[in-house]
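Protein chains: 4
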Amino acid sequence: MLPLESLDFDKLFSKIPDKLERTENLGKVASYIPELYNVNPHKFGIHLITVEGTDYFYGDSQERFSIQSIAKVLSLTMAFNLEGGALWERVGVEPSGNAFNSLSQLEVEHGIPRNPFINAGALLICDVLVSRLKNPKEEFLDFVRKLVGKDDINYSSRIALSEKEHGFRNAAMVNFMKSYENIKNDVDTVLDFYFCLCSIEMTCKELAQSMMYLCSNGINPLNGEEVLSPSRTKRVNAILLLCGFYDEAGEFAFKVGLPGKSGVGGGIVAVLPSKYCVVVWSPRLNEKGNSYRGIKILEFLTSHTRSSIF
Amino acid sequence: MLPLESLDFDKLFSKIPDKLERTENLGKVASYIPELYNVNPHKFGIHLITVEGTDYFYGDSQERFSIQSIAKVLSLTMAFNLEGGALWERVGVEPSGNAFNSLSQLEVEHGIPRNPFINAGALLICDVLVSRLKNPKEEFLDFVRKLVGKDDINYSSRIALSEKEHGFRNAAMVNFMKSYENIKNDVDTVLDFYFCLCSIEMTCKELAQSMMYLCSNGINPLNGEEVLSPSRTKRVNAILLLCGFYDEAGEFAFKVGLPGKSGVGGGIVAVLPSKYCVVVWSPRLNEKGNSYRGIKILEFLTSHTRSSIF
Amino acid sequence: MLPLESLDFDKLFSKIPDKLERTENLGKVASYIPELYNVNPHKFGIHLITVEGTDYFYGDSQERFSIQSIAKVLSLTMAFNLEGGALWERVGVEPSGNAFNSLSQLEVEHGIPRNPFINAGALLICDVLVSRLKNPKEEFLDFVRKLVGKDDINYSSRIALSEKEHGFRNAAMVNFMKSYENIKNDVDTVLDFYFCLCSIEMTCKELAQSMMYLCSNGINPLNGEEVLSPSRTKRVNAILLLCGFYDEAGEFAFKVGLPGKSGVGGGIVAVLPSKYCVVVWSPRLNEKGNSYRGIKILEFLTSHTRSSIF
Amino acid sequence: MLPLESLDFDKLFSKIPDKLERTENLGKVASYIPELYNVNPHKFGIHLITVEGTDYFYGDSQERFSIQSIAKVLSLTMAFNLEGGALWERVGVEPSGNAFNSLSQLEVEHGIPRNPFINAGALLICDVLVSRLKNPKEEFLDFVRKLVGKDDINYSSRIALSEKEHGFRNAAMVNFMKSYENIKNDVDTVLDFYFCLCSIEMTCKELAQSMMYLCSNGINPLNGEEVLSPSRTKRVNAILLLCGFYDEAGEFAFKVGLPGKSGVGGGIVAVLPSKYCVVVWSPRLNEKGNSYRGIKILEFLTSHTRSSIF
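Top line first, the protein sequences correspond to chains A, B, C and D.
Numbering follows our numbering, in which position 103 of the first sequence is assigned residue number 103; successive positions increment by one, without gaps.
In short: position in the second sequence from 1, add 1000, done, that's our numbering.
In short: position in the third sequence from 1, add 2000, done, that's our numbering.
In short: position in the fourth sequence from 1, add 3000, done, that's our numbering.
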């Protein structure tokens, strides 16, 4: 790996417009709820923050979008902190080798989700937080706001409602896990919290800021507080690398080579430990449900800076 | 096949006590709800009615028990009548080759249950009846009472409630099918009707009477009315043979050789078309979830009368 | 069921030409080996023999075709006779609920094929015969010739060779079962016997004759010898009903209502116990791999004679 | 990540004896062939080589053992070099989420193995090499010898023969893939090469030396030659991280945090890119088939040096 000083991001970001022009904007915007479907498919934003605190950005990086599944990184972090290693008795850390919302695997493995990022796993994490927190929604939002350093980060109640109306598969999963006694709380309470969580809206910049602890040994650089211990931070990064992109995890590790997480809103966050956190946003998704141009641009970024973890 | 007159049921029934004595009462009573678990495991009843109207019986054949999944034969009959061939676009007629409550198969086949007797299929049949009937619970009970010729057949609200409290897996299935748009009504309404349906209590005699149309070309012998057309009656019998015993359908066809249906309450109904309908009840279940002694005694019955359909 | 005398086959067979004219000849001829692919797709033959020995036939019923998987009924019969009930420790009697050549199920069930008619099960039956017989090929052919009453029934070495050249999936299955120690003999010997077996050629008439024991309590009507005991004969019929049509078993039982077995050469044999055996042949196959017109004509036959087992 | 100079391996290696004493030697030696089963279960060796060329070692690090599946890293490297990106049309880069020798997944994905390290994938890589090389066995051995810098690295013909005698599952997989036309060569030739490959014997030191290109941007440090391009080297490391430990990949990434590969002989190789390559050997395997003490010691190593890639 090259020393950080050789990563000339200024030069690299200046080439992004040209690279974008030469990159087709393929794929489809998520269509299962109107709030996602109506987003302008030509939007593109990118924001990178180094551990030294320098910002690099381009495009619509200041426009808020629905972070969707990326929120699962933050809920996992909170649950891991509260529950410790006991968490892994209820959810695995293995890649799924299957679609993000498969019930078959859950059946084969008796109600233990493979990892915290497939839907079943994320729902289980919500159940943990519902058990541990007095006011899950408020406390989680508070946690996120502190990471971003802004008080106006919010859930979108419209999106949460829309999700709920199309959430039968998620309802199936919570009920199914409860039949294995791996969900402790009321089914509707867990679902309600889950839909809220996925409805958070942030800009590329805010989202990158919120994840800086992942490349800073677990420290929130805004206030110096420890969000997660260094060793647990590494473990979250490992899970991100192996499970952050559903059935495209291998492809992403292969081409981009960074721990990361995607959301169906078209966002992707990626982390080079000890170096930087970067967020891209481009709403059109490839067949695996990950941002088409997002992956292309991250591939461009890491191959030009030779900055993968491998 | 021997002519009916040679089926000397008098003689055969007189041998049942001795046969029972020589048959171990193995297996376990269903334990997931107290109402089933608290049933005396030594109960045994059998009742056979011929198309000529002769009754043969032994043991606790006049004691009511929870018919559970056997009710699915009656709900299928009602739905087939109302919906006709269109029914088969929403549920298959193939054996499942899997446990009765598997979600994996439902996933592979995109929300279309394999047959009307696995749980998912029976839930779908409930959805059809909820769509078609004004007062599903009343009208279904009415339908059953006419078949039995008794006004005091009832749902057990205690059992229905207990089932509901343990019904997360069924809730998972309804939600899952709804995510494939193969459930048209409200999830809770469908589940509520389903739990009611399975809670009906009857004696061996009443249950045998209620199914006489299956060996009488679809005619209710009590009033001469057509319950189901002759050709549809044959088709229900075919589905019973192939799918009536979950993952033990082949074994039952192999050893007993009659269309039939079992319930987790320990009841089994079996039909020899044009000849007789027989019900046995013995609460202890084998590993596949079918009455242990029930199957043994039916095997004894058909091998001694050489009266299988094969 | 109507008494046999009321089954006016003369009249019914006279209607077959008209029925055929009104039945589209859809589907595709099997194309994986040239010997099957080059068969004239317009061929159609049917031959029915009653237990009284009367013959009814139409079309190309005297032309030999490749019986393919139908031979598995005969090899099962031979193996059941030699091995008795111990056979069922190595192969199940449950419908497969899957394609005929699936390896997944074999994996889930640790090398025990679900039934003797899926490919894995038929290969296992070959292994049993290889263990039990001195000269498996000769002795099996002898067995078949006695059933038909003709000395010129033969394997087609051309077809057997072609099968072998495309038999990698079957080779995979034998190796896979051997890894579970459920194949006792040399892999190539078992495969070689299997490909031979499926290459037998017969006319509709010969094939119907060869299976008459299935509707005659196990007696070969040509010589009065017992091919299989009455109770085992019933059991073979039960397996045929549940497993004879791969993933279309339920559909066939539902529509035709007889135990039967199809082959990829376009033949179907069906049996009404104590009444008749019928064979149809029409090379074009439906999506499930069963003769398209064969099933249509059998449906016509049983619905007009009201002669299903249900 | 700490700078290399702070990784005081001298001190760390001096603590290994004590750590070993406090680590139970649980698990079981592989028992499917006598050559593996008869290995002394108390053996333990470790050897680490830094990119600067310093060696650290302990225990039986100079004793040769059967590297088994670790050889698949070397065959993949050779095939990737010869075939380039086209390789990924025939084998995936996704973690398997299943046992290393599952056929179900191969069926679901139509004969395309999920990655090059599950058995099916490694067999496919052998097929590629058989197509590309004139004398596969000689040329592959030559390739390995150059990496190690020793002429006496050899296949063990005894082990290869034993493997073959128990290789029915592998034979099933090659035949199965050939049925999907994803194997181009003769089944036996591919299997023969595969069994040879897995039979190579090396010491911890030799094995570590052979993999130094993985932490040196693809350069063989012994002769300065490029074994694989830098970008392809990164990609192999990514595949190692995601797929190197069968169904324990997530666990290993989570706890150890390095790309690596295990073998059923008890060896594990792990790589910290740009820093070091380390090999441990301890024959007893945990439930997932990976060296029990091997993983414990690597966890000790990376947690004390804080040297994971995350």
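Hints in this document: simulated from the structure, not taken from any laboratory.
No experiment lies behind these values; they were computed from the predicted model shown.
Glycine is no exception: its CB is placed at the ideal position from the N, C-alpha and C atoms.
Please note that the accuracy of each hint is not assured.
Distance windows between CB atoms, simulated [as the list claims (entries may be wrong)]:
| hint | chain 1 | residue 1 | chain 2 | residue 2 | range |
| --- | --- | --- | --- | --- | --- |
| 1 | B | 1287 | C | 2134 | 35 to 45 Å |
| 2 | C | 2024 | B | 1131 | 53 to 63 Å |
| 3 | A | 181 | B | 1108 | 41 to 51 Å |
Computed footprint of chain A on chain B, listed as stretches where at least three residues anywhere in the stretch have a Cβ under 8 Å from a Cβ of chain A [as the list claims (entries may be wrong)]:
| hint | region |
| --- | --- |
| 4 | 1163 to 1171 |
| 5 | 1217 to 1231 |
Comparing the hints with the structure gives:
1. B:1287 <-> C:2134: 35 to 45 Å: holds, 40 Å
2. C:2024 <-> B:1131: 53 to 63 Å: Violated, since residue 2024 of chain C and residue 1131 of chain B (Cβ atoms, about 34 Å apart) do not stay within the stated range.
3. A:181 <-> B:1108: 41 to 51 Å: Cβ of residue 181 of chain A to Cβ of residue 1108 of chain B: about 26 Å, so the range 41 to 51 Å is violated.
4. 1163 to 1171: It holds: at least three residues are needed, and the region 1163 to 1171 of chain B offers 3 whose Cβ sits within less than 8 Å of chain A.
5. 1217 to 1231: Answer violated; 0 residues pass the 8 Å Cβ test.
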